[in-house]
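> Spelled out, the chains give:
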Amino acid sequence: MSEPMKPEDVLKIIADARGTAICVPTMTTAPAWRTLAPDDLSVYCQGFMGGASTLGLGLALGAPDRRVIVFDGDGSLCMQLGSLPTIAGVAPRNLVHLLFKNNVYHTSGAQGMPGGERVDFVMMAKGAGYRNAFAIHTLDELKKRLPAILSDEGPLFVELHTGLADRTPMTDRGGVPFPQQVEKLHARLTA
Amino acid sequence: MPESVPSSLIIDTYRDVFRAERAGARRQDPLGWIISVPDTHQKSVLAALDKERDIRVLTCSTEDEANGIAAGLWITGEPVIVMIQHAGLYASVNTLRGISMDGRVPIFYMIGLLSREKDKDPLESRQSMVRFCEPLLDVFSVPHARLEGPDDVHYIPEYYRLSRERRGPTAVLVGLPTI
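Chains as they are written, first to last, in my numbering: chain R, 1 to 191; chain V, 1 to 179.
FYI, nobody ran anything at the bench for these hints, they're computed from the structure. Owing to the predicted nature of the structure, the values given are computational and were not obtained by experimental measurement. Positions of the beta carbon are idealized from the N, C-alpha and C atoms, including for glycine. A couple of the hints might just be wrong.
DEER-style ranges, computed between Cβ atoms [unchecked claim]:
#1 V/Arg53 to R/Glu153: 22 to 30 angstroms
#2 R/Thr138 to V/Glu165: 18 to 26 angstroms
#3 R/Ile13 to V/Leu123: 54 to 62 angstroms
#4 R/Leu150 to V/Glu124: 55 to 63 angstroms
#5 V/Arg27 to R/Pro147: 23 to 31 angstroms
#6 R/Leu164 to V/Glu124: 50 to 58 angstroms
#7 R/Val176 to V/Arg161: 21 to 29 angstroms
#8 R/Arg93 to V/Ala25: 33 to 41 angstroms
#9 R/Leu150 to V/Val139: 37 to 45 angstroms
#10 R/Leu164 to V/Glu3: 36 to 44 angstroms
So that you can see chain R by itself, here it is in the shape it has in the complex:
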């Protein structure tokens, strides 16, 4: 079994390839993404843990000509697990649902997730009805599959096996406040 990927390395690869996709980071992907992609095409799920997947769904439905990429966390997704059938049911073709699986609640001190490593979110996404769902364990595999992830018909679910990020929203509290991000993205998409 390979070492888990560094989330920052995963995000860098995605940042270099995402083009004009709208991105929805949450929790421990947020500090790194702010540095890698400081643009107004990202809106961070902050202050309502668990909401990234459905915020992404709304954006995907409202902007069908753009790719929407959700950077979800395993702890976050467990808070709105019902979003899997909701997303699969409406089946947005432009939605990519990435899950950064580190098996812990990192921000609050790395407490173990319910079920831990055994939890298979790929099976859950497939069972919910996502068009495709698979796991990626290495950066090489991510680089190889990313072009298809960014172009194939969705909704796609990708479970990324990662370690802990260097920074969390508790250790790095910066960034544009959520209401301002919302306003900027709203202005950009409705211009």
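Following the hints, position chain V against chain R.
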């Protein structure tokens, strides 16, 4: 005495609200979105909406999801109404706060007061979910109005517009089951 409101009247009002918001917009399809966690109280409206071609209804597993989806749609400029039951308000207070209040995302809710007694003011109801609904909205300073009969449908466009003007949540409470 409160009266039930016909579904057709509510849906016609939704159409007017959506048309007003879509005026001049490039995109006209769908006319608007209804995000719903099915509410027994408003089931006749949901059944009638199933037959509508120009309004898109999206059913969610939870009201937290409804808030997230409504936010995403609003950010992209889409007109949207959230239809839930009072139980769903209680269940989704965190996302009401985090998304609509703190995030300043306009969300307009139609909230059904399931089990509200016809001969009682909702604040006097024996049912706790009815009795605490308006006080809960008041705690969060969410403007709200009661839909107690056909003459009250004007609250729908008024409170919809208010949610957009104040950039936050507003609600119309459906007093009796729709028909």
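> Are the hints correct? Go through all of them and say.
Structure-based check of all given hints:
{"no.": "1", "hint": "V/Arg53 to R/Glu153: 22 to 30 angstroms", "result": "holds, 24 angstroms"}
{"no.": "2", "hint": "R/Thr138 to V/Glu165: 18 to 26 angstroms", "result": "violated, 51 angstroms"}
{"no.": "3", "hint": "R/Ile13 to V/Leu123: 54 to 62 angstroms", "result": "holds, 56 angstroms"}
{"no.": "4", "hint": "R/Leu150 to V/Glu124: 55 to 63 angstroms", "result": "holds, 57 angstroms"}
{"no.": "5", "hint": "V/Arg27 to R/Pro147: 23 to 31 angstroms", "result": "holds, 29 angstroms"}
{"no.": "6", "hint": "R/Leu164 to V/Glu124: 50 to 58 angstroms", "result": "holds, 53 angstroms"}
{"no.": "7", "hint": "R/Val176 to V/Arg161: 21 to 29 angstroms", "result": "holds, 28 angstroms"}
{"no.": "8", "hint": "R/Arg93 to V/Ala25: 33 to 41 angstroms", "result": "violated, 22 angstroms"}
{"no.": "9", "hint": "R/Leu150 to V/Val139: 37 to 45 angstroms", "result": "holds, 44 angstroms"}
{"no.": "10", "hint": "R/Leu164 to V/Glu3: 36 to 44 angstroms", "result": "violated, 59 angstroms"}
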